[in-house]
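A.B. asks: Fit chain B to the supplied structure of chain A, relying on the hints for placement.
Which chain is which? The protein sequence lines are A and B, in order. Residue 172 is where the first sequence starts when you use my numbering, and the numbers rise one by one after that. Residue 172 is where the second sequence starts when you use my numbering, and the numbers rise one by one after that.
Derived from the structure by calculation, the hints contain no laboratory data. Hints are not guaranteed to be accurate.
For chains that are exact copies, the list does not tell them apart, and a pair is met inside one copy or across any two.
[As the list claims (entries may be wrong)] Once the Cα atoms are required to be at most 20 Å apart in a straight line, the calculated EDC-like pairs of lysine to aspartate or glutamate come out as:
(1) K204 x E350
(2) K204 x D276
(3) K204 x E283
(4) K298 x D328
(5) K185 x D249
(6) K298 x D373
(7) K204 x E229
(8) K246 x E350
(9) K298 x E330
(10) K246 x D199
(11) K246 x D209
(12) K246 x D373
(13) K298 x D199
(14) K185 x E350
(15) K185 x D328
(16) K298 x E229
(17) K246 x D309
There are 2 protein chains.
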Amino acid sequence: MRTPRGPYAKSSAKRQQILDAALAAYADAGSRKVSVRDIAQRVGMTDAGVLHHFGNREALLAAVLEARDAAARAKYGDAHTDPGAGLRIVADNASTPGLVKLFVDVAAAAAEPGHPAHDWFADRYTKYRDSLTAQISDGLTRRPEAHADDPAPSHIDPEWAARILVAAVDGLQLQWLLEPGIDMAADLAALRNVLVNALRADGQPD
Amino acid sequence: MRTPRGPYAKSSAKRQQILDAALAAYADAGSRKVSVRDIAQRVGMTDAGVLHHFGNREALLAAVLEARDAAARAKYGDAHTDPGAGLRIVADNASTPGLVKLFVDVAAAAAEPGHPAHDWFADRYTKYRDSLTAQISDGLTRRPEAHADDPAPSHIDPEWAARILVAAVDGLQLQWLLEPGIDMAADLAALRNVLVNALRADGQPD
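Bound-form chain A, shown alone (with noise of 0.2 Å):
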C-alpha cells in the first residue's frame, strides 16, 4: 500500500532528480542542443525511465522550464514580488542560451490548446502580468528601493527604442496567441509614442 513517504516520495525525488539534471545539461550545454538522451544519462537512466516520469517530450520540457523558474527564484528572488529580481534573472539568462532556446520553443508550441503545457504558459503570463502590474502601480507612488545588485539602467537612444518595438511586437503576439483580447496595434501605438516622448525628455539630437 503506498504512502506519502512510499513509492509517490520516491517518485518526486527522482523527478526533481531528473530536472536538476537537466538544468546542469543545459547550462553546460550552452547554446548547443540538449536531448533527452543527455538527460538521461546523468541520472544513469534510460530515455524511456526519464520519460515515463513526465508522461511525453513535451511535458518533460514543460517541467523543465519550471524547474528553471523556481531555480531562478530561489537564487535571485521572487520576480512576482521583487521588482529587481526578474531583470537579475533577465541577466542571468544570457549565461544559458540553451534554456532560452527551449523557452521560446516551447512557448510558440504551446500557444496551440492542445500542448500539454498550453494551460501552464496561460497561467504563467496570468500571474506574472497581474504581479507586474502590481508592482508598477506600487512604483508610481513611491520610487523602488535601488538595489545594489540591479543591473543598471542603459542610455536610451533610437536604437533601444527600436529594439524595444520590435521585442514588443513579437512578444504580444504570444500574449495574444493566449488571450486574443488583447488589442496588439493600440499597445503598441501607444508604446511608440511613449518611447518616442521619453527619447524627447531625455534630450536626444535629431
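C.D. replies: Coordinates of chain B only, in the frame set by chain A:
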C-alpha cells in the same frame, strides 16, 4: 536551352501561385493548422510537387512568411518607411492567427544557426530595427503625420505597461538569440523606467 521567359519564369510563377494559395489557406483556416496537403490541394499538386519548388517544408514555411510580408506591404504600405504601416499590419494580423502562430513557430526554430530561415530572420530583424531607428530619430524632430486609418493609441495604464514589459522580455530573447551582443537586462531596466515615468506623467492614481 533555358531562357528568362522559359522554364525559370514558369517555375517562378508556379512558386508564387503556391505562396498565394498558402496565404489564402492560412486566412481561411483561422487558428486551425494548415498542412502542406491543404496548400497542395488548392493548386492541384502533390505534396512532393509543392515541396520540390522550395526544397523542404521549413523553406516553404519561411517563403510563406516572406510572401506574407510582401502582401502586407502591398496592402498597407511599407513599415520600413511609413510609421503607420507597421501598426496597420499588426492590427490586420489579428484576423490571421494561423499566420501569427506560424511566425512565432518559425522564428523560434530559426534561432538555430542551421535552420533554412536563420539568415532571413537575422536580416529581417536588422533591417526592421534600422528602419525603426531612422523613423524614431526622424520623429524626434517633427511630429509624424497622423494617418486617418492608424489605430488610435489606447489610454496607458499599469496593465498595459505590464503587458509591454512581459512582451519585451519574450521578444528581446528572440533578437538576443540571433544577436548575443544585445544587453537584455539593461534594455529592460531602461524600459521599466520609461514606462513608470510615462504613467506618472499621465497622472495615474497609484
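A.B. asks: If a hint holds in the structure, say so; if it doesn't, say that too.
C.D. replies: Tested hints:
1. K204 x E350: between (30 Å within a copy, 18 Å between copies)
2. K204 x D276: Both, since 12 Å and 17 Å are each at most 20 Å.
3. K204 x E283: So K204 and E283 pass the 20 Å test across copies only (9 Å; inside, 23 Å).
4. K298 x D328: between (31 Å within a copy, 17 Å between copies)
5. K185 x D249: neither (26 Å within a copy, 54 Å between copies)
6. K298 x D373: neither (33 Å within a copy, 25 Å between copies)
7. K204 x E229: both (15 Å within a copy, 19 Å between copies)
8. K246 x E350: Answer is neither; intra-copy 31 Å and inter-copy 26 Å both fail.
9. K298 x E330: between (31 Å within a copy, 12 Å between copies)
10. K246 x D199: within (18 Å within a copy, 47 Å between copies)
11. K246 x D209: Cα proximity of K246 and D209: none, with 25 Å in one copy and 48 Å across.
12. K246 x D373: neither (35 Å within a copy, 36 Å between copies)
13. K298 x D199: Neither: 30 Å inside a copy, 33 Å across copies.
14. K185 x E350: Answer is neither; intra-copy 35 Å and inter-copy 37 Å both fail.
15. K185 x D328: neither (49 Å within a copy, 45 Å between copies)
16. K298 x E229: neither (22 Å within a copy, 34 Å between copies)
17. K246 x D309: Answer is neither; intra-copy 24 Å and inter-copy 43 Å both fail.
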